[in-house]
Amino acid sequence: MIKVSLLLTFACISQWVYATNGLPETQGAVILTVSGNITHTNSGATAEFDLSMLQAMPQTTIVTKTPWTEGLNHFTGPKIEDLIQLLAGKGEFIEATALNGYKITIPMQDVNKYSIILALQHNGEVLSVRRRGPSWVIYPWSDMNLTRNHKFYTRSIWQVKSINIF
Amino acid sequence: MFKRIKFIYLTSALIILILSITLVTDLHKIRNLQNVQKSDAQLSLVWFLNQADREARNFLQHASYLYMGQQGISKQQVITKFDIFWSRYDAQLMGKISYKLFSVDSGRETVEFTRKILLQLDPLVQQLTPANTKSFQLINKLMDEHLQRLYALSINAIQHRSAIRSQRHSTIDDLYSHLLITLLSLFTGGLLIFGLFIKKGKELSNQNMIFEQRVEKRTAQLYKSNQSLTFEAQVRKKSEQRSRQLISAFDQSKEIVFFLDAQNCFIFFNESFKKINAAVIDSICIGAPFETYLNAVMAQPRPKLVNIEKQQWVEKWLLGLRNSEESFEVQQLTGQQFIFNMKRLVDGSVITIGSDISTLKEAQHALAMSESRFRDFALIGADWYWEMDAQLRFTFLAGDVEKISGLPPQHYIGKTRAQSYTDTFRPHADSTHSELLQMINREVFTDYEIKTQNTDGRQVTVSLSGEPRYDQQGNFIGYIGAGRDVTERCLVEALDKRLIAAINSLNLFVTIFDDQDTLIFFNRQFGEVVNRDGPNIVLGMSFESMWRACSDYYAREYGFDTEHWFAKRLAMHRNPVDDFVLPLGEHRYLKIFEQLLDDGGVIIIATDISESTKAGQEIHRLRNYLANIIDSMSSILIGVDRQCRITQWNFAAQKETSISLESAYQRDLLEVFPRLEAQLVSVTAAINNRQESSHLKRLYLKAGEVCYEDITIYPLITSGESGAVIRLDNVTEQVLLSEMMIQSEKMLSVGGLAAGMAHEINNPLAGMMQTANVMLNRLTAENIPANLKAATQLGISMQSVQQYMHNRGILRMVSSIIESGNRVAVIVDNMLNFSRQNDAESSQQNLAVLLDKALELSSTDYNLKNNFDFKTINIVKEYQLDMPDIVCEPGKIQQVFLNILRNGAQAMQEANVSCPTFVFRIGYDSLNKEAIIEIEDNGPGLEEGVKRRIFEPFFTTKKEGTGTGLGLSVSYFIITENHAGRLLVDSVVDNYCKFTICLPKMGNRENVQKKFAASVL
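Sequences listed follow chains A and B, in order.
Take the first sequence: its letter number 145 is residue 145 in my numbering, and every next letter is one higher.
Take the second sequence: its letter number 587 is residue 587 in my numbering, and every next letter is one higher.
Don't read these hints as lab results, they were simulated from the structure.
Predicted model only: the values in this text are computed from it and were never measured.
The calculated BS3-like cross-link candidates involving lysine-lysine, where the alpha carbons are at most 30 Å apart (straight line), are:
hint, chain 1, residue 1, chain 2, residue 2
1, B, K274, B, K316
2, B, K116, B, K75
3, B, K929, B, K892
4, B, K96, A, K65
5, A, K161, B, K116
6, B, K310, B, K254
7, B, K929, B, K853
8, B, K238, B, K224
9, B, K1001, B, K853
10, B, K29, A, K65
11, A, K113, A, K103
12, B, K116, A, K65
13, B, K217, B, K199
14, B, K96, A, K113
15, A, K113, A, K151
16, B, K75, A, K103
17, A, K151, B, K29
18, B, K238, B, K254
19, B, K134, B, K116
20, A, K103, B, K96
21, A, K161, B, K75
22, B, K361, B, K343
23, B, K237, B, K254
24, A, K65, A, K113
25, B, K929, B, K947
26, B, K655, B, K702
27, B, K877, B, K994
28, B, K96, A, K161
29, B, K274, B, K310
30, B, K96, B, K29
31, A, K151, B, K96
32, B, K994, B, K892
33, B, K316, B, K275
Pulled a few chain A residues facing chain B out of the computed Cβ check, cut under 10 Å:
hint, residue
34, A29
35, K65
36, P67
37, W68
38, A98
39, L99
40, G101
From the three backbone atoms N, C-alpha and C, an ideal C-beta is built for every residue, glycine too.
Take the sequences, apply the hints, and build the full model.
Rendered as structure tokens:
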């Protein structure tokens, strides 16, 4: 079940369009660094994001059950697909790294097929590190039965620090 | 049955139900465990704890780095690590892992404790600055407690997981067992049900079969019953028919037949019965009691019977009624004698049949009388019978009296014995007539012999027996008697007496036993000798008793082995064997002969053969002795009879021919000894003319070897039968030895001659050869100044001189002189080789190498090549491998080889041998320590005469001018004189020729020693 707020989308579209024209510098603490085969960057060969930049992107909410939470949970954040598109990234895989050094490779196919998001909020609260933030890769498990298995659970990396597209 | 099946079905169903429940339970358990494992796989508790531990340690590490002021570590980093650590225990983000943690021992406590720790750590982390010892120590302490708890929890989690795994395995094992049991149960149940079905099917089949059999049996019974009824009707019909026929037959029969019922009342009687009892016919009717009939009969006046007899008559009938199946005789009213047979049947009725036996009785009486008379005669047992009246006159004669006397019985009737004699039949002169006296005295006489002479003039002996007869008043009424012809018996008895006399006179022991093995005769010799000192042999003894007594006697007298010979003799008794000889003691023998007789008896004749046996043994010993002498001779001795058949064949002859004496005996001489064919004339002459002949050193071949033998043939007369003895002596060795001696002597003389001649010839030959060469030189050489000068002075050129010489054949003649001179030189050189002087050095040589070199030289020999292509000869080499070197003079030995090869090759060439072959054999005889070289060709071989002379000097078989006749002589000298060896030749014409050279390993020691002595001096 994916609920996308059309209004929010229309409200933000002007800003998103703006953003695509050039990647602004980060204003706050950098919470995500994207590297690899990308076109748009703001810090050398990488693209750095603070929370506001990510929140400025079109937000998608996935309502789903997870093995780590009770009941239905609302996760909100930009689609990784949008993020790659924003950076004009190209590749077959993305490699996500967590704050504790955990790494996972996600095929680009997942990104396109399941519309996975980089959740910034959980049940309306911004994800802190203590709550497995600042960002968390979320699959729509409740909507896609096929994804409810160990393979996709392991790709759901939390406390994401950086992404490498290749 | 059905109850049992029901029970089995119910039990099976119950078992299947229980097993199904068990299986479902097991499956459920496995499912649960799988779920646990599945969830564990999705969200591993161990993984979680591992990560939590990692985060805690990361935090503590970074806190330590900050506390210690390590470069590059900021407080924000420590806080981040703390937050990451915190995130692991956030109550909202633990989800399902909480359940897992809580299911493990100390899981819940550890989580709750950690959360408390985190709360305590939160301010301390905020306060932590480098060198803030207090905060760090607190942090460190709290973290230490946390890590210990976490470690314990991890251990519990691992154990928990192991427990789940083992539980799963156990459950799977249970499931497997249950499944196995279920399958086995199902299989067993299936088999059981299948078996029950089979059994039931069989039972049904059997029941069906029994039912069918019963139906068949019942049907057969019905059929049989039906047949039985039909048969019964037929039988009844036939029975009635037979009854009618029987009644009719009974009525027509002469026998009396009547039937009584169980109450002894008449139910049937035939016409004969009515006829016999016509007087009392009123008392006889069907249903009338039999007793009424009897009473009626009794009432009849019967003058012949008194009352008692009547009473007995009735009792006989009554007895007959009681004792059925017994016949009894009854007189009827008519006076006829009847025999009745009464039989009471099972139903009580009586059948009576009576037959008239009056005639039979009378015949029996007459027969009895006749039998009485003839019994008397038979008792006497004679050829004829006679009766006399009181006046001793013949009243009756029967039998063969006419055959004996020639007079018919009527001749004797009314005459006394004396009156009955005629001129032709009269008493013999030796006979007496005392029987008349006995008759006068009324005495019984038996076997009284009377000799008479019958009409043929033949003396007849008759034996008479008689007894007086008296009437009832005791008055003498005559004689009755019989006579027998005992002529033959008398003659036999007379013969017996003579035979016994003859047997008694024999020097034999004769005993005769009858068929019961009882001694019935022994002759006088036996009685006198055996019974003189020994056992008391008497007639009537059994054979065994007699032989026991004899054995004991022999044992005492001669040391006879009683038990052994007793048993052996008993075994031989009545099982006659030829020549059974009984040794009584040393040099004493008894030959026993038994003959079974026709009457079952046996005659035994024993002969004392001691003397003859002794003589026989001596002859046998002598014969063996002579045979041994003949056999031990090395000469072949052959005895032949007049027809030249073998009579004597000694061991040497057997060895020579491999034919045994038994095989050769009486066979033709040439058949068994064919090589005497040439001497057959001499053998015949020896037999016919008593002429001895000898053939010395006769040549013959034995296994390809040439042998010599001396043959001597002696005439022989044995027991009037003429024959001959042929003696053959092998003299091969002597011949060869003498030949060798002659050869040696010849060679020695030639050797001396040759050595002298050689020196004498050499000097003029050298001058002659030199002159011839100078002549040739001066006639042909153009480059010699002296030649040119002489020619110039004469006004002729050298070419003219040469031309003249050529045209006149002078050069050819000079060349011929030189060539002839060379040949003479060769001869002289060869002759010099006969010299004993030996200047050449002996050395150790490999004979194979020498022979090969000689072979090589042969193939390049100009003379030889001209005549013969040596390459066409096959060469076969058989060299011993470990051949030692031999001390010899190599040049001379090669010369020998060359000579032999040359001769062989030329011989093969001349004979046009199709496949010429040389065989070289080199071997070493370690026993005699000499090398043996054989050179064999398959050429024409050598005739005996040639072979004997082959080593003689100047002896050659080659064409004139082609051989000096010295080659082999020289070879012979080289081998025998120079090397102390031997040179032998062996050959078979048209087969092969073989030269054998024997060389001592150490060479000619005499030469060596001489040389050694010369060098020392």
